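Residue numbers (my numbering), protein chains in the order written: chain A, 7 to 257; chain B, 7 to 257.
Don't take every hint at face value.
Given that identical chains are not distinguished, each listed pair holds provided it fits within a single copy or across any two copies.
Stated by the list, open to error - Below, simulated EDC-like cross-link-like pairs (lysine to aspartate or glutamate); rule was C-alpha separation at most 16 Å, straight line:
(1) K134 / D96
(2) K69 / E57
(3) K199 / E239
(4) K190 / E204
FYI, nobody ran anything at the bench for these hints, they're computed from the structure. Every value quoted in this text rests on a predicted model; they were computed, and no experiment measured them.
Number of protein chains: 2
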Amino acid sequence: MYYLGPEYSFSHEAALKFSNKVYPTKSISEIFYIVEKEKVFGIVPLENSLEGPIHESLDNLFKYDNIYINYVYNMGIKLFLASKDGKIRDTLYTNHYAYKESEEFIKNLNINKIEFVSSTSEAARLAKENNSMCICSKLAVENYGLNIIKEINTENNYTKFALISNKPSYYGNRSIILFTIKNKPGALYNVLKIFYKENINLTMIYSRPLKTIPWEYYFYLEFEGKYNKKLLEQLKNVTEILKFKGSYKIL
Amino acid sequence: MYYLGPEYSFSHEAALKFSNKVYPTKSISEIFYIVEKEKVFGIVPLENSLEGPIHESLDNLFKYDNIYINYVYNMGIKLFLASKDGKIRDTLYTNHYAYKESEEFIKNLNINKIEFVSSTSEAARLAKENNSMCICSKLAVENYGLNIIKEINTENNYTKFALISNKPSYYGNRSIILFTIKNKPGALYNVLKIFYKENINLTMIYSRPLKTIPWEYYFYLEFEGKYNKKLLEQLKNVTEILKFKGSYKIL
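So here's chain A without its partners, still in its complex pose (with noise of 0.2 Å):
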């Protein structure tokens, strides 16, 4: 199973829920070009309940037509604010995530230079080598041998993981669309109004840009329920483009 490395990411933690077998890779995007190529699994981060959607995975989602998501696994996140000899450093190394989810907490602290890096865990990485401060996983804080200045208190910090691979999963009890619409007046309601004259609540709605052009979307929809033939066909009538991503368990 490919995950978003380096080691000891949040993504790694993820991984290991589902295999012991676990490979990191350098980006989200490469791992659905893996994914894809080699018929293997990947996990993925979705969305977070503080910062939202993880764009890169919506993104390449859209993209890959013949990757689905197979399980999705509701992770909670702590984050620590460590360092080597568990003292406060002039230097903070973070990714631009925990930043975002740590702001208030970091704001308190009076920190000279905060320096961006891509992930936690190299994050970690360079406070240890530049004795310096870092916002990480417990993971990673043990694998670099750090101490914890503090646990940085960010309530309600969930992250959502997804399982994905080449083939689709159509018995979960939540489903993953994504579509296009065309740009006029009720196009978007008359999705919704089929969702409505079924009976199922959705669960998450996201618009993301379609990058070809300018200001135009691409809807993301997640439902409860699973694969639903019928309900399918009817939402082929009012998209552009229809894509089902899977119907999969939430763990």
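Dock chain B against the given chain A, drawing on the hints supplied.
Just chain B now, with coordinates in the frame of chain A:
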């Protein structure tokens, strides 16, 4: 007018479109704080055509009840790879968004070390100081005395900047509302039904985490047309919290 600094950022360029008395801030959140407290103007990035919404701006629009959008400026974004002497170097400084917008271009460069910093202008400053490369605006290239290695061809790259103040604007041809709804089947459908019946086109809809309750959201919706009291009264009946954030012109 206050903008996200340091100097020579794209926000700086956008601010100069409206005023020649412009002052940098350290964060988007700081702009909202100052605009409310001092009753002045601010300029904040709202959305990028490739990377989607700027979460910090959206979340602050929701948080600050007395701040409204007065104008939106749709600015074409041209990114440049630059260094002190115009030659390729080992290290690249970039911010998170510029990196995402240039990812395809960067992949082909075989760069040894990528350092993430808080803004494109900070990247330019560090590139000058450390004889490295950066991704930044033409304004930053000129003001830090750098030389362009190559224009990064990011087609369809635009950023919408909002001019914000403590006074609502009522007469533009676009309007924004923020709202929350009950988590039940048909809740969002009931909101969109009103726009459908009034034959009003939606130009943007995003959901954002509420942060206080995991996996609960507020919605950010832009529509064609100006402030309409009757429309807002209908919307009040189908939403829990409803915030009108201004009708404005797009420049």
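A quick look at each hint next to the structure:
1. K134 / D96: within (14 Å within a copy, 23 Å between copies)
2. K69 / E57: between (23 Å within a copy, 15 Å between copies)
3. K199 / E239: Within. Shortest intra-copy distance 14 Å satisfies the 16 Å Cα cut-off; inter-copy 22 Å does not.
4. K190 / E204: between (24 Å within a copy, 13 Å between copies)
Checked against the numbered hints listed earlier, the structure breaks none of them; every hint is satisfied.
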